[in-house]
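Next come the chains, spelled out residue by residue.
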Amino acid sequence: MTEWTFPPSAELAKTLQAETIKNLQRFSKGMELVYSPKEPQVGQTPKEVIHKRNKSTLYRYGDAADRRHEVPVLMIPNLGISRPYIFDLYPGSSFIEHMVQQGFDFYLLDWGVFGDEDNGLTVDECVTGILPRMVQKVLRTSRTRELTLLGYCMGAPLGACYTALYPEPVKNFVNMAGPIDYQRGGLFTTWLAKRHFDVDKLVDTFGSMPADMIRLGFKLLKPTMELSTFSNLWWNLWDDKYVTGFLAMNKWANEYTPFPGEFFRQWVKEFYQENRLIKNELTLGGRPVRLASIRCPLLVVGAKQDYICPPECCRALADAVSSSDKEYFELPGGHISLIAGRGAARNVWPKVSAWIAQRSREG
Amino acid sequence: MSTEQSPQDLLSMWKRSMDQAMEAWRSLTSQPQVPDAFQFWRPFFGQGMDLWSQMLKQGATGPDVLAQWKRFVDDSIEAWSKILGKAMETEGFAAAMGRFLDQHLNTVGPIRKGLQSSSEEFLRTMNLPSRKQVTDLASQVISLEARLDKLEEQGEKIEDNLAGNLPTRKQIADLAGQFQSLDDRLRLLQKRIDDLAGSISRLEGAVRQMGAPKAAPAPSG
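Keeping their order, the protein sequence lines are chains A and B. Take the first sequence: its letters are residues 140 to 502, numbered as in the working numbering. Take the second sequence: its letters are residues 809 to 1029, numbered as in the working numbering.
The set of hints was computed from the structure by calculation and includes no laboratory data. Just so it is clear, CB atoms sit at the ideal spot from N, CA and C, and this is done for glycine as well.
Just so you have them, the derived chain A footprint on chain B, three or more residues with Cβ under 8 Å:
#1 874-884
#2 889-898
#3 902-916
#4 940-948
#5 952-964
Partial pick of chain A residues on the chain B-facing surface, computed with a CB cut under 10 Å:
#6 Glu158
#7 Gly254
#8 Arg279
#9 His335
#10 Lys361
#11 Pro362
#12 Leu366
With the hints as extra help, turn the sequences into a complete structure.
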């Protein structure tokens, strides 16, 4: 048995004192969290509404004086599942704030929270109806002919489909943790396989994919996540900065939104179960979607421990396009680590913004 | 015969009830064979015991007991996470989840349908709108909004086309300047023509004067 090794007594006293103070702070802040919880302020980067279409809203960020790049950036997040304020969590931890500070004319498409009246919305309508209109609005507002599309998670395959069908206005395309080859989609590929998952029965019963079921599915991906989250919270409860970040992230992590029924049905069948996108068998709006039609510069970013979109699942886009200027890089961390957190701010955002900046001159 | 039950009897009774419960679950979920619960849980307990004995062997290395406890908790959670992850990757788990969902939908579906029709009937009786009616109305509003958006889009296209074909203010100003310059030149030309005409007239007069015979002197007397 290893012997106890004690530091000199003065240091020991200091250590014990610091630990005692921390524990008192943990207790006090814990009580504050339980008895007077404060609603975290998220999405604080100033923005203006450019266009609204049903539940979808196009936002523009930043001031004209701060814009240095000619080509605007349109970010396409996931439809359903969660809210997009993860990209603008709080000052100092906001991807959108970073992009605005780098001088980009930045737009975000907020798909919105869909209700029963939207259950007829299809993937076709999103890619051939909503996205082209939003792109048009971006080009008109910024008075340009081209833009950079940045897709995150499910927004990336939607953006890729759009770019394959309408390549003209897309100057650059960035895929951040967006699944393309659904055969390598990890746990979701297994769970949503045709032999196990009857998507028709589910959509016909509920009309949509309810938010609670989406929450259950994502929590099941990593069942011990809640335990480690609260263990880390308790450990860092004395740190105000940590608690602020935790509250904001926790709010986002527990706010799920439903999928429109027909969208979910088509998404599961044509993307997950039949993997039509990478096989070049997908048709949207009556037109074939061929990833080889994408010739613009491409950047693909994957996360090593991403269990929602494993690296090989998103990297497949780089092999499928005809672009000559393409780059893939992979970083340690999970799905969210690319878009939120200190690691993202240090390792991911500067790389992405630098890549886009180099390719943001018109013509 | 002893009336007291020995621990072994109790254990056997408990094991029998577990087996019966598993059998019932198996027939409910139509699984081909009864899964061995101990087979499933043994790795968890084994992992936990390994970690605990490792920690005991290692012993505390300092007074920072809380940090060591935190490390133990983190390591345990990580271990559990790996085991659960491996279990959930399997076809068996996916199949079980699929069957569970199927059963759930088979149960919930008819209940939802029944509740929906009875609540619609009730609301109709009370002369109140049902959820379906409100949803249909919302769908119509969405459809109307989409048409308006389409009109706006077409208007923007027309505007862009016109802007492309109509001259700009600068172009009009340039054209006006050119017209002015042309006008000035024409005036200059006109003046020169007038001057020329005047010269020609004077020349004509001079020529006439030169060519006309001298008049005979008037007779005297």
